[in-house]
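K.L.:
For reference, the chains in residue letters:
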Amino acid sequence: MKTSEPIIEIRGLHKTFRDFWRRPTARAVRGLDLTVGQGEVFGLLGPNGSGKSTTIKVLLGLLRPTAGTIRVLGADPRDTATKARIGYLPEVTCLHKFLTPVETLHYYAGLFGLDGPATRARTEALLRMVGLGDAAHRPVGEFSKGMARRVGLAQALINNPDLLILDEPTSGLDPVACHEVKEWVRRLAAAGKTVLMTSHLLADVEDICDRIAILCEGQVRAEGRVEELLQQPDAVSLTLEGLTPAQIEELRSELSRRTNRPVTCTHPRISLETFFLQVVAAADAAGAEPQGMPAAPFLLGDDAGTGAAP
Amino acid sequence: MNRAVPAIARLTLREALRSRIVISFGLLLAAVVFGLPALLKGDGTPAGLVRMTLGYTLGTAFGLLLLATLWTGCALISGDITTRTLELTRVKPVSTWRLWLGKWLGLLLLDLLFLAGIYAATGLAVCHQMRQAPAATSHLRTARQKIKPDLPPLERQISEVFKQVGGDTLEAAEQRELRRRLRRELPFQPAALERGQQWSWHFSTGTPPDPRQPLWLRFQFDTDAYTRAIVKAECRLTGTPGGTHVAFDLDDFSTRRFEVPLDAATFGGDTRFTLSMRHTGDESTGPLMLQPRQGLDLLVPRVPLARNMLRAAVVQFSLLALVAALGLSLGALFSLPVAAFCATGIVLATLISLFVAGDPDAFADFEEGEHGPVQQLVTTVAAGTTRTIMRLTAPAVEPAPLQQLVAAELIPLRELRRSLLVNALLLPAGCGLLAAAALRRRELAA
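As given, the protein sequences belong to chains X and L, one line each in that order.
Using my numbering, you'd call the opening residue of the first sequence number 1 and step up by one each time.
Using my numbering, you'd call the opening residue of the second sequence number 1 and step up by one each time.
Extracted from the complex, chain X is given alone in its bound form (with noise of 0.2 angstroms):
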């Protein structure tokens, strides 16, 4: 599904803050270029203040540039036809507090101009996607912030975007949701679907993105695909299984002095995410609630009575 189409193309974007008086406060970006093809997962990495969030906000039409030239979809941010297309969850989840997940979703569902019917199945796909089903009726507000997060992912999948736009979008999530939305972000790139995101996890970026841009000080330091940025070309590492400690001094000093090199041996580690999520499995077989939900059939086109939005 993967093509050169830029779903996002940004050349020269210049991001000035400026105070009351016109004085520029802070320059958050500086020249960026970055492109984005169709069905990538797009990770944009950097510590705090490198402009991420304001290139984010830029490409959203919600922040105007200094300068520079900017075209998501092949046309401006600020189309309201472009917006159509697009899904977003922002860094802070600001959801309408009095409003339940069945009233957000319906009101997001309205803005993009979805019938009753469609809103209604969206609605239902969704909660169930994001595992608040038993919580549809009760208000935001009460909600812990992982709840909170599952609202906003819910919200920003609404309209089966073409380009997801995910700002920080495991923050607050427990393990097994972070797993579950690492999933659904496949998924959703495997049915065609671009997604843009930004994490501070880096485990995270590095499990779904194809390809990562670091900015630091508005600017990109380093872009390229994941594997081909972490690769050491220099070094390389075997995996064997059931040998004795004897055997494995035997295979060190044999490669040690084949290679005229040091040699390390040591036992491979599973992720911790991967090992809580064998617990929580396990748990699951022995009788718990199951955690895992699949992603909502119409996103990944599955679904024709609840297609994309007009």
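Calculated Cβ distances over 12 angstroms to all of chain X for the following chain L residues:
1) Gln-197
2) Gln-294
3) Leu-421
Computed Cβ-Cβ distance ranges for the label pairs, DEER-style:
4) X:Asp-19 with L:Leu-154: 49 to 57 angstroms
5) L:Leu-392 with X:Gly-141: 35 to 43 angstroms
6) L:Phe-341 with X:Gln-219: 36 to 44 angstroms
7) X:Lys-97 with L:Glu-259: 51 to 59 angstroms
Please keep in mind that the hints were generated in silico from the structure rather than gathered at the bench.
All C-beta atoms, glycine included, are put in the ideal place defined by N, C-alpha and C.
Chain X is fixed; fit chain L onto it per the hints.
P.N.:
Same frame as chain X, now just chain L:
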């Protein structure tokens, strides 16, 4: 209509109905509309009690609703910006004017609910009071159309007086000043009817009055309110072309305002009437002072009180629509404290200018007196500012539906249409366009 607008309107209404502040405000309004009629003692007459109930209850409740609408309007968009919920709405395919329109309609729906409640409760209270004394309040059951005597246009009268006083011989600047003064003072300048003299006026009612209900003549003599000059006159109302008439006397020293009921059945289906009045006071009485443009009306019963209340509600609703638009637009331009400050300032300036507008000579003494240059400058600026505010706010504040309701006067349909067009459509549209442009320019989450 685009689905976004109803969605935003529903959200606004839902937000209000689930807010503790709005619920508390609703309880306060309920206390006013149920409590005031129970507390009011009236002026000792059943009709006075009904009038007070209408005036005080609707006036107090509407005043509270007006301020609440203004401040809520200020808080709606500025509050969404502060809580960053507007950020999520702005990234959806919703234009800024639709966003503003949705918020405005939501606030209007809320106002409609409150206004309907206020009028329903007041209507019930008034019905109850009228049932206690049906005969004494029967004249309040029907709203009366106010018909002014057929007089020459004001401009012609100004020209006539201008010629009489030799205005043509003056310098151009003095001519302008004279015309300005005549235009300001002539509508309020009473004519004097000396003892033994007679005046006549003609009235056209358009459609014949209902013969089952009395016709009313209202006189407002311009005698001093404190010295209470005696009014003694013989009057006769004649229908044309039938020529039947009703005669009556005005004879009182305690009031300068008379409302005289006349049997409408006497006149059959007449639509044109002639009123003649002759000063019959003795040598001790002074002239009768009357300004027919302001102080003489033929009142023809037309529609039931309930329909007139509905018209008053529509006029007030139009004003709420304007105030809501003003608040919303200020909220789109500024933060909540600044918007609320500006909104309250505008309301205060309007009230002050209204107060000044009640006295046509408010600045005359200052402007005509001898002052130093600084005092002259200050006076000129103050007069100019007040007159500008008066002109700007005139379309909004000119209708006085409560005064008409209390006086059992019909609120004309043209006033209703004008109020809806200007206050509920044109001025809010202007506010909306301004707010939409400001929101488009405004950077969110900077």
